[in-house]
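Could you put the whole structure together from the sequences, leaning on the hints where they help?
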Amino acid sequence: MDPIRNPFAPGAGTPPPALVGRDDILSAADITLQRIRRGRPDKSLMLLGLRGVGKTVLLNRIGEIAEDIGYYVVILEAPEGQRLASYLAPALKGLLIRLSHTEKARDLARQALGALQGFASVFRVSIGEISVEVVDPHVADSGNLEVDLPGLLVSVGKAARAAETSVALLIDEVQYLGEEDLRALIVAFHTISQRGLPVVLFGAGLPQVAGLAGDAKSYAERLFDYPSVGPLSVPAAMDAIRQPIEAEGAEIWDNALAMIVEQTEGYPYFLQEWGKHAWRAAETSPIDPEDVEIALVEAIEALDRSFFRVRFDRLTPREQDYLRAMAELGPGPHRSGEIARILGKRVENLGPLRSGLTKKGMIWSPSHGETAFTVPLFDEFMLREVPNWGPPA
1 MDPIRNPFAP
11 GAGTPPPALV
21 GRDDILSAAD
31 ITLQRIRRGR
41 PDKSLMLLGL
51 RGVGKTVLLN
61 RIGEIAEDIG
71 YYVVILEAPE
81 GQRLASYLAP
91 ALKGLLIRLS
101 HTEKARDLAR
111 QALGALQGFA
121 SVFRVSIGEI
131 SVEVVDPHVA
141 DSGNLEVDLP
151 GLLVSVGKAA
161 RAAETSVALL
171 IDEVQYLGEE
181 DLRALIVAFH
191 TISQRGLPVV
201 LFGAGLPQVA
211 GLAGDAKSYA
221 ERLFDYPSVG
231 PLSVPAAMDA
241 IRQPIEAEGA
251 EIWDNALAMI
261 VEQTEGYPYF
271 LQEWGKHAWR
281 AAETSPIDPE
291 DVEIALVEAI
301 EALDRSFFRV
311 RFDRLTPREQ
321 DYLRAMAELG
331 PGPHRSGEIA
341 RILGKRVENL
351 GPLRSGLTKK
361 GMIWSPSHGE
371 TAFTVPLFDE
381 FMLREVPNWG
391 PPA
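Last residue of the sequence shown: number 393 in the UniProt record's numbering, and the count goes up by one each step with no gaps.
Think of the hints as simulated: they come from the structure by calculation, not from any bench.
Any given hint could turn out to be false.
[Said to hold, decoys possible] Computed beta-carbon distance windows for the label pairs: (1) PRO286 x PRO391: 19 to 25 Å; (2) GLY356 x VAL386: 15 to 21 Å; (3) ASP225 x GLY178: 34 to 40 Å; (4) GLY39 x ALA91: 23 to 29 Å; (5) GLY70 x GLU262: 42 to 48 Å; (6) VAL347 x ASP30: 42 to 48 Å; (7) SER306 x ASN388: 37 to 43 Å; (8) ARG341 x ALA91: 20 to 26 Å; (9) VAL386 x VAL234: 40 to 46 Å; (10) GLY214 x PRO387: 38 to 44 Å; (11) PRO352 x GLY11: 33 to 39 Å.
Backbone N, C-alpha and C define an ideal beta-carbon position, used for all residues, glycine too.
What follows is the structure, given as structure tokens:
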């Protein structure tokens, strides 16, 4: 069929042609946004799930909902190994300059800009020149992030309230925040909640984020809800494929559709990849099972070249061995002792290796003593990539 009209274009954070099966999460986010805007307290949301389930898409959609009801939206992605101050401060500068042009908020916005200058100076962050006159309130320049970040964000919240608006801070890849940064962020939003300021946080990250937040501050569970973003249900997965195809005036046989849902296990990114290749394989409508068989081969090859490959290439040889041992046991989760047995090592000797893989976002612990892949179907990729493997000597 016409490749120009192919509705499927899988990519990192690329919106799918049909965003289905996530109404409960989007509805919860909308309620939170509406409540905060009306001065009513509510929990911030942390969207948790494996790679490829559409967390970034949902986070961006929440940002659009926030903008539609009048929020100022700041969207950030936490880079691995980079401090929060280095990318939060420049983003807040633009927001505060916009607020400073609002008559009602001018003075408080300039105070917040002064706080931002002090914050940037003490944490050695470049934010460039500020084109408006500022007032330095000396509230965010102690050098203690757990003190300064709350002070800065409270200043932002006061300016937003004076402007009769609200601010939504959206942070993707939350698992890459360092412990100090995560702790300071939790303290900041605890303070904001206590003061009833119109600032709300939406985050997205791997499943371990809930544990990391709880370890950072015990009251985190009272500040955040943690909606789980998983594979789509069978009906939703079918809609994710069928609706875009029918919107282009084409069709897909029910048995072909069922094959795609089964092969992808309902994971949104994989659905897009299979849909793309099934469309390409079909010479004419409707898409049939033979087209899906071709798509299976093409989609796996595409995933091996990109989605899986970029993660594999970040691994050290020892880390590759650890994940290959996990793959030997199947999809998981697996007991740490079983992985150690495959590797011929003692569990306690593998602790640093597990820790490194967790920090890289490759594994997580669903429960004590268990380890699981953060990337769906990564076990199958490891078996294809390293077919003839034995534990290292």
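Here's how the hints hold up against the structure:
1. Taking the beta carbon of each, PRO286 and PRO391 are about 48 Å apart, not inside 19 to 25 Å as hinted.
2. For GLY356 and VAL386, the hinted distance range of 15 to 21 Å is satisfied, since their beta carbons lie about 19 Å from each other.
3. The hinted range of 34 to 40 Å is not satisfied by ASP225 and GLY178, whose Cβ atoms lie roughly 23 Å apart.
4. GLY39 and ALA91 have their C-beta atoms about 24 Å apart, which keeps the hinted 23 to 29 Å range intact.
5. Range check, GLY70 to GLU262: about 44 Å between beta-carbon atoms, so the 42 to 48 Å window is met.
6. The hinted window of 42 to 48 Å between VAL347 and ASP30 holds, with their beta carbons roughly 45 Å apart.
7. Against the hinted window of 37 to 43 Å, the Cβ-Cβ separation of SER306 and ASN388 comes to about 24 Å, which falls outside the hint.
8. Checked against the hint of 20 to 26 Å, the C-beta distance between ARG341 and ALA91 comes to roughly 47 Å, which is inconsistent with it.
9. The hinted window of 40 to 46 Å between VAL386 and VAL234 is violated, with their beta carbons roughly 32 Å apart.
10. Judged by the Cβ atoms, the range 38 to 44 Å given for GLY214 and PRO387 holds: they are separated by roughly 40 Å.
11. Checking the proposed 33 to 39 Å range against PRO352 and GLY11 shows it holds: the Cβ atoms sit about 34 Å from each other.
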